[in-house]
Structure formats: C-alpha cells, structure tokens
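Given chain A's structure and the hints, the job is docking chain B onto it.
Top to bottom, those sequences are chains A and B. 1 is the number of the first residue of the first sequence in the working numbering; add one for each residue after it. 1 is the number of the first residue of the second sequence in the working numbering; add one for each residue after it.
It cannot be assumed that every hint is accurate.
What the hints assert, rightly or not - Straight line, CA to CA, 16 Å or less: simulated EDC-like cross-link-like pairs of lysine to aspartate or glutamate:
#1 A:K266 to B:D99
#2 A:K106 to A:E257
#3 B:K266 to B:D218
#4 B:K106 to A:D218
#5 B:K266 to A:D218
#6 B:K39 to B:D99
Unchecked claim - The calculated label-pair distances, taken between Cβ atoms and stated as ranges, are:
#7 B:R258 to A:T101: 25 to 31 Å
#8 B:E254 to A:G102: 51 to 57 Å
#9 B:P169 to A:K106: 47 to 53 Å
#10 B:G238 to A:P413: 50 to 56 Å
Simulated from the structure, these hints should not be mistaken for laboratory data. For every residue, glycine included, the Cβ atom is placed at its ideal position computed from N, Cα and C.
2 protein chains.
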Amino acid sequence: MKIPLDRSPDRTRRQPIARQIQRHVERLISQRLLAPGVKLPATRELARDLGVNRTTVALAYDELVAGGWARAHVGQGTFVADQVPVEIEAPRPESPRFDWTGFLSKSAQVIAADARRRLSYSQVPQPAPGVISFAGGMPDASLFPTDAFRRVLNRVIRDEGRELLQYYPARGYPPLREHLAGYLLRFGLEVRPEEILIVNGSQQGFDLVARTLLDPGDFVAIEQPSYPRAMRVFRAYGAQLLPVPMVAGGLHVEYLERLLERQSPKLVYCQPTAHNPTGLSMSAAARQRLVDLCGRHRLPIVEDGFDGTLFYGERPPAPLKSQDASGLVIYIGTFSKILFPGLRLGWIVAAPELIERLETAKDLADIHTSPILQAAVFHFCRQRLLDRHQARVVRESARRRNALLAALSRRMPTGVTWTESQGGFSLLVTLFPGMNAVTLLEQAVQRGVAFSPGNAFFVDGGGEHTLRLSFSGIPVTQIDEGIKRLAETIREAQRQPERPARLEEPPAVPLV
Amino acid sequence: MKIPLDRSPDRTRRQPIARQIQRHVERLISQRLLAPGVKLPATRELARDLGVNRTTVALAYDELVAGGWARAHVGQGTFVADQVPVEIEAPRPESPRFDWTGFLSKSAQVIAADARRRLSYSQVPQPAPGVISFAGGMPDASLFPTDAFRRVLNRVIRDEGRELLQYYPARGYPPLREHLAGYLLRFGLEVRPEEILIVNGSQQGFDLVARTLLDPGDFVAIEQPSYPRAMRVFRAYGAQLLPVPMVAGGLHVEYLERLLERQSPKLVYCQPTAHNPTGLSMSAAARQRLVDLCGRHRLPIVEDGFDGTLFYGERPPAPLKSQDASGLVIYIGTFSKILFPGLRLGWIVAAPELIERLETAKDLADIHTSPILQAAVFHFCRQRLLDRHQARVVRESARRRNALLAALSRRMPTGVTWTESQGGFSLLVTLFPGMNAVTLLEQAVQRGVAFSPGNAFFVDGGGEHTLRLSFSGIPVTQIDEGIKRLAETIREAQRQPERPARLEEPPAVPLV
Chain A
1 MKIPLDRSPD RTRRQPIARQ IQRHVERLIS QRLLAPGVKL PATRELARDL GVNRTTVALA
61 YDELVAGGWA RAHVGQGTFV ADQVPVEIEA PRPESPRFDW TGFLSKSAQV IAADARRRLS
121 YSQVPQPAPG VISFAGGMPD ASLFPTDAFR RVLNRVIRDE GRELLQYYPA RGYPPLREHL
181 AGYLLRFGLE VRPEEILIVN GSQQGFDLVA RTLLDPGDFV AIEQPSYPRA MRVFRAYGAQ
241 LLPVPMVAGG LHVEYLERLL ERQSPKLVYC QPTAHNPTGL SMSAAARQRL VDLCGRHRLP
301 IVEDGFDGTL FYGERPPAPL KSQDASGLVI YIGTFSKILF PGLRLGWIVA APELIERLET
361 AKDLADIHTS PILQAAVFHF CRQRLLDRHQ ARVVRESARR RNALLAALSR RMPTGVTWTE
421 SQGGFSLLVT LFPGMNAVTL LEQAVQRGVA FSPGNAFFVD GGGEHTLRLS FSGIPVTQID
481 EGIKRLAETI REAQRQPERP ARLEEPPAVP LV
Chain B
1 MKIPLDRSPD RTRRQPIARQ IQRHVERLIS QRLLAPGVKL PATRELARDL GVNRTTVALA
61 YDELVAGGWA RAHVGQGTFV ADQVPVEIEA PRPESPRFDW TGFLSKSAQV IAADARRRLS
121 YSQVPQPAPG VISFAGGMPD ASLFPTDAFR RVLNRVIRDE GRELLQYYPA RGYPPLREHL
181 AGYLLRFGLE VRPEEILIVN GSQQGFDLVA RTLLDPGDFV AIEQPSYPRA MRVFRAYGAQ
241 LLPVPMVAGG LHVEYLERLL ERQSPKLVYC QPTAHNPTGL SMSAAARQRL VDLCGRHRLP
301 IVEDGFDGTL FYGERPPAPL KSQDASGLVI YIGTFSKILF PGLRLGWIVA APELIERLET
361 AKDLADIHTS PILQAAVFHF CRQRLLDRHQ ARVVRESARR RNALLAALSR RMPTGVTWTE
421 SQGGFSLLVT LFPGMNAVTL LEQAVQRGVA FSPGNAFFVD GGGEHTLRLS FSGIPVTQID
481 EGIKRLAETI REAQRQPERP ARLEEPPAVP LV
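Just chain A, with the same shape it has in the complex:
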C-alpha cells in the first residue's frame, strides 16, 4: 500500500521538516487513516517523493518509533504500531467553526423544516433481529435476478463500453427510449421515443418537473394521502400543497373541481394506479373526468406511473396520459419497485416541447444518467428477462398481499379498517379514532413488529391514526405472525392511555 504522504513539507514553517513529517504521520495514525500494522514507505522512497533528504525521513521515523506510533523491524521496514498512543486532535490552527445556518437558501430551510417535522412523526426503526417489519417500500432483494443482470452488464461493457463510459447526451440511450415506447404501449400509452427522457429514478423525475414548472408561492394540488417524497420535492421548490381527498380508489375529482373555483394550482400530482400508501386504483371513468377537468382548466397533471404491472385482480385502466390529447399530462415511470432500485433509473413522458425543457434541466443537474446502466437495462428488457422477473414478482407479491389481507381479517379488532390493495406493495390501515400510530410504533417494535406511521403520507399532519403496511419485502411465512403481534399491540394500546411519542434518529435507509 502506498501511503498518502507525498505532499511536500512546508519549508516556510518554523517547524523542522522532520518534525512536520513526524506530526503528519502521527495525525494520520490517530485518525485511523493509517491502520495498525500498515507498513510505512521506505525512507528512501518517501524522501524522494517529498523532495527531502533521506536522513530527515529517518529522523522522523525514529521519533515515531520512540513515541510508540510505529515499530521498526531491521531489514523489513517501519510499521504502524498495533497499540497506538492516546488520540491527538488534528492540530489545525484554532479557528471558530464557520456557522452555515445563516447561509442556507430558502429551499434548504424548507427542506430542513420538513426533515425536522419528519423526525417528529414518521420514524421507521431500523430492522432489528426478530422484528417483522412492514415498514419501507423496497422490493425484496432476495428475488433480484442479480446474476442475470451481471451477465448483461458484463456484455454491455464488452460490446459498447468505450462509448458508454464517455460523456453522453442528456436525453438517454436511444435503444432504451425506443424500447420504453413499446413497453408503455402495453399499458395503453402511445408515445414516441422523442417524448421520453431518461432520469435517475422517479425521484429525479419529480425534481426536474418541479424545478421546470414551480416558483415559490405556487400551489400544487395533491391527492391525500400521497407519496411523501413527491410532497417534499414540491415543497422544496417553494410550492404549497393543496390536499384533495381520495374517494373510491382515487383522487376525488369533484372535490378538485370545487377547489379550482377558488384556487389556481400550477399542477396536480396523483398516482392513479397502485397508489402509495393505499394500493388503490382510480376507475377509468374517474380518470377520464380528471383529464377532462384539467383540460378545461389548463391544469397540468403529474402522473406518477409507478408500476402498472404490479396489480392483483383486475388490470388497472390505462394511464391518464393515454387520454391526454393536448399534452398536459406528464407521466413519470420507473422500474424501481420491481427491479433494482439501486440503479436509479426512471423516465419522464411529456410533450416534446416540455421534454426539451426537462432535458436542459437534466443536463444542468448531472449531465446524464449513466449510459452503461441504461444499456444494461435495455438489454435486460430485450432478452425478456424483465418480463420473466416481473411475472415472478407479481406472483410473489400477490401471495404476500393475499396473506396480509387474510391475516388482517383474521386478527384485527373490530373497528380497525384497511384498504384492499389492488396494486403496488402496500395498504393503509385506519386505527381507532384518537389512537396515535407513532406511539403505537414504539410499543409494536417491543412486540417485534414494525410499520410506517401514516402521518408522513398526509399534508401537514392528519392521518395520525393510520399506518402503512408494506408487504413487498416480507416473506409470506412471517405475515400472519407479524399481524398477530400488531393486533395484540393495538388491543393493548386500547387499554392504555396515550403516551407522547419520542424523537428518534432519522432512518438510515430511505423511506420510499
């Protein structure tokens, strides 16, 4: 191992050079940047690197050995000692730490306030041993076709690596965009590749749409409950959210219509299919009414396309975008709920005029999404590996969803209700009025079960007596036991007075 010591000593400083070298190495060791047992560079080598006399380095090494920082073995060299003297502080000149608080942008302040609010209510505990966790919305990594993907990626780098590791146009890998045009047709969406922009997961889709359309003070109508990460993005760009309740599986169109008499939101955000957290799906008729209403009011729709393949029972109606003759629907899609969320791959479908703007925003945000990953996903799809994987995930998810619904029916006290998830990976449970899901979570974790408190999915509070159960990441064999524990916790809480919720550390894993 080469040691990071090749900075020239500062000859203008008072400290002798040998002493500078000695102190520098001591600092590296005490900060664990040089681990016990690591061999220091030969004096000759380091002297050459630093442009100093070899005896100077030897002097420094002698001091290190004398101080217990290193040990010398004749003929072998000098090694970092196993037992290191007491930790020393980095001897940076004493200088007051720069205080960034007053320097934050308004957006950063909004984000920070949102983060503090999240801390106060929606803590998803880290999975502890023995805890059955219905929290989090990740696909089950044990189902990942990791090896098939490895082979595809290997092939892509071999065949196209040189071009795909270079800078690339912002819009994305053309074969993937063409493939997506065909893929989306399955859901009834007729789009051309020019209407598709590849982005880093749907999260970046929200971000690019928000920065391209929203100014501080704008309003965004949003179905309630909704996806917290989308709400946070809109708020970060200074927008205020106008919650629209859900009715019969989707956004309450007539409520929105009345809202539009008083307010002029800049856009409306919704998840008509496989809604997170409820798992419900908007009817075809309501979809049509929503698109018509927004057309009359010139109100752009951000349609979170999520994943239309993950449904149980009846196929969901075609996306809003398929009814969109004038081009006011922006459709955001991703494979993240099925395939490798870690790749961070998604897409935006929009009118060519808007796609151009979004592409410029993408170019400024991070130039482009890694083309080797785009190409790998394309080949993965083209070899029908995605279809095969999807079929498997849908089958497995359906089993888990059915087991969850059965367990809820069997175990839950009368009065507790839940949404009958038709798609996606979760459902929303409504507890007794006055019961607080955050308080309940603490007690639940003690009984070995976890979930996401529901208030994270509501605009500015509300939903305190709801909770989300995610069934995507949990083996079917644990579901009944998990729900049994949850039902016991709820029964126990009914008998106890409410306790205030405790603040905890933010979750180490993203809430999705």
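Frame of chain A, contents of chain B only:
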C-alpha cells in the same frame, strides 16, 4: 416477439371493437412501432389477451390484409407488410396542443435564455470526418481501461450485488468515502469520510451546493474566464455573477478584495488548479491570501477541485480546502476528467454541518448515486488500477500538451498569444483584437479544424477574440497539422472583413 396489443378495447366507444383493433395496429405500423415483417400474434392469443371473441380479431386481421398493412400466410400467421400504405396521423381527437410557455418557472426561463445565448455564440460543431477537433473536454476514450473496469464491476455485482442493487443511503458507499479521504491526502487535504458526500459528477455537486445556498437575487463572485456549466447552474438558481479577472494564473485576490467593499456575494467560485479553460494554476501565496480574505469576509468558497493529478511540470500547491481552518471552503472533486465521465461520479467535501444539508438535498434530488458504480470505482482504486491509469493519462496528456505548445510557437502569427497550460486538458488562445472566434470557427471547420469559441467562458459576453483548445481527446500526431490549419485560418481572416456568425443547432454532445 410479443406485440404490445394487450390493452382491452374500449367497449363504450362507438367504433366496433374489430375496427378499434384494426386502427390500433395500423397506427402501430405507421409509427414504425411494429416493423415490416414482424409476425402479429395468433388470433386466438390476442383474443384471449384482449378479452374479445376470436372472430373479432380475425375480422380485424382481414381488414389489415385488405388494406395492405399485413400479409397472411396460411398455416404461418399474419405478418406486417414490407411495403406499408401511406403514413397516417395518429387519430387522436383534434385538440389544441397544450402550450407550456406560460407555465415555465423563473429558473426554467433563465435556463432557456442561457441556452439561447449559447446558441448565438459557442457552437461546437459535431466532429466531421477529416476535421481535427480541439473542441470538447472529454478524456480520450481510447485510453479507457474498459476491460479492467468490466472485471471489477462483474466482481462487485457477484460479491455485493444484492445489497448494492437495493435502495441505499444518500451519503454514499462507505468504503469509497474512506478511500477518498486517503486519496485526497495526497493533495494535502485532510478530511474525514463524514465530510464527504458522493454525487453524480461535479455537475451535481454544483447543483446541490447552489440549491442549498443560493436564493434568487444572490450574487456569486466567479473568476473570469470560468467553467460555463458552473456559471449556468448558479444562474439557474437565480444568482447574478460577478466576474473577477484572473492574474498570474488565478483569481485576482486584490480585485476581489476591492469588490467586497461594494458587494456582498453569497459565495465565490474558482478553479485554483488546472483551470478550465486556461490550464493555469494559482500560486500558493495567492491561495493563502484568498482563503484569508474570504475568512475575514465570511464568504464561502466553492473550490472546483477538478483533478489535481493532471499537471505538467511542477506539482500544483495544495487545494484551498487544505488551508481552510474554519470550514468555509466547499471542495468539489471528480474523476471524470481522467476516468469514465459516463459513470457520473464525483464528491463534495465540506464541513459536517453543511454536508448534512447537502445530503438531504441529494436525497431529494435522486435518493442516491448508483452504489454498484460507487463500489466498482472503489475496488478499481483499491487495486491501484486508477493510479496506473492516471500515470498513463498524465504521460499521454503531457505529450499532447507539449506538442500543442510547440505547434503554437511554430505556427501562430505574431500577436496571437496563449496560456501555458500547467494542468488539465486545455489552454486559452487570444486572437487579434476585433477578431471574432465564432466567425473564425466556421472558416476553421472548412479548413478541417475545430475549437471552442472563448466567449462561452466569459460572463455575459467578453472573450469574443479568444478560443479554447482542448488537447485531451486528440492524438499527438494530429496536433501540428491541426494548428497549421488554425494558423492558416487566422491569417486568412486577418485579410478578410468580418462576417456575422450564423446560428446553428445545439451540440449533440455536452460541452465540458
């Protein structure tokens, strides 16, 4: 191939279902979503998928054959015709296209204005056959260690794929952050892994810093000339740029000092090492003066760390960040100028308090950077493959830079000057006063040589008589011939009156 026809026909529409199917397939064919010769699904299969009677599908197919859209082969099936009838328009209901112009955010409007301005001056032509191009700032893909990277990535997915393809914490892959802490020590930067955030290339670094610190109306001091992509990001967040001239290799600190008597910029952006476009490097003394000045004025510095390894001759002084006792320097680094820009991998080093804010911004922007790529780069570094590659790139770049300087000395008319690049991949040429590099570019391309007009690197115009020559992507054998052509173009232009520059298409490849 399965054909994307599995949308249920709309039974509420007036059109008979067979006719709907027929029109749908016609549309797919005319839009080339079904290619000539493709086999249509068997009638039985499609009927089942669509939930209609088999005779309905057979009827639709008969009509397709009758209309010349398909041909039927008894016993084999129905195929898309090779010669397709005239193209038909998608029969979407006639609806006026939604006009997005009035819906764009102020930021999007600024970005669009910037894009239009770029169109008017800095067009880098597409590399045409025979044209020797000094435009663009990409590393030479022919030097990429693609195969070594393929093996590392393959290994990473095999060993850690399951965890690394799942959602991941925003801050980045811990071993990479630890490795970077050691790597940065080589340049004299002592940082802890907690002070590092992994981002999608330095571009996302600019973006996250800007959104976290800038509000519309803020000022950003920036050395002139400077990196256009950084300027555009600051402007997109509503900031106004205050150009600070360069002197003796770097930002003119005394000029900035005088500027600070009248103005209070929110931050200062500079590239003290391997400056793009000039290739110059700021002296150690000037660096110290800059950090001191900014400390006195509580003015945060965004230090574009670029790549300190790519230098010719003397090693550049340590980064500003290494002199930063109070934590007001934000250092943005990347491997993109050396290794695989297509991966989009970079990092921000900042005070822990600020890194936390930047991490939240990153989490909202795209949740995290692909961990398999982070892990692959980590292992690539740890196996010393990066060191080996860097040594090779530096050697090769030095050859090209020396050849370029020699050719300029030999070929250029007296009066034309250039910066003596000490690092990075480019230098800046200053033409005769009154000569316009945009006009010159048109003539140069006709003579078979290209470059980047200099005004893109100046705030709001200026630099019209400068141009950037990039030597990173051009074989050493072509350099002298390229400069010969450029010198001829300049001599020719001296004899001709100025012509106005033409607007052209935006470049298909990102300007970096």
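Hint check results:
1. A:K266 to B:D99: holds, 14 Å
2. A:K106 to A:E257: At roughly 32 Å apart (the allowed maximum being 16 Å), E257 (chain A) and K106 (chain A) break the hint.
3. B:K266 to B:D218: Measuring from Cα to Cα gives roughly 6 Å; hence the hint holds.
4. B:K106 to A:D218: Within the cut-off at roughly 12 Å; holds.
5. B:K266 to A:D218: violated, 25 Å
6. B:K39 to B:D99: Violated, at roughly 39 Å.
7. B:R258 to A:T101: 25 to 31 Å: holds, 29 Å
8. B:E254 to A:G102: 51 to 57 Å: This hint is violated: roughly 27 Å between Cβ atoms.
9. B:P169 to A:K106: 47 to 53 Å: Check failed, 26 Å falls outside 47 to 53 Å.
10. B:G238 to A:P413: 50 to 56 Å: holds, 54 Å
In this structure, the hints that do not hold are numbers 2, 5, 6, 8 and 9, in rising order.
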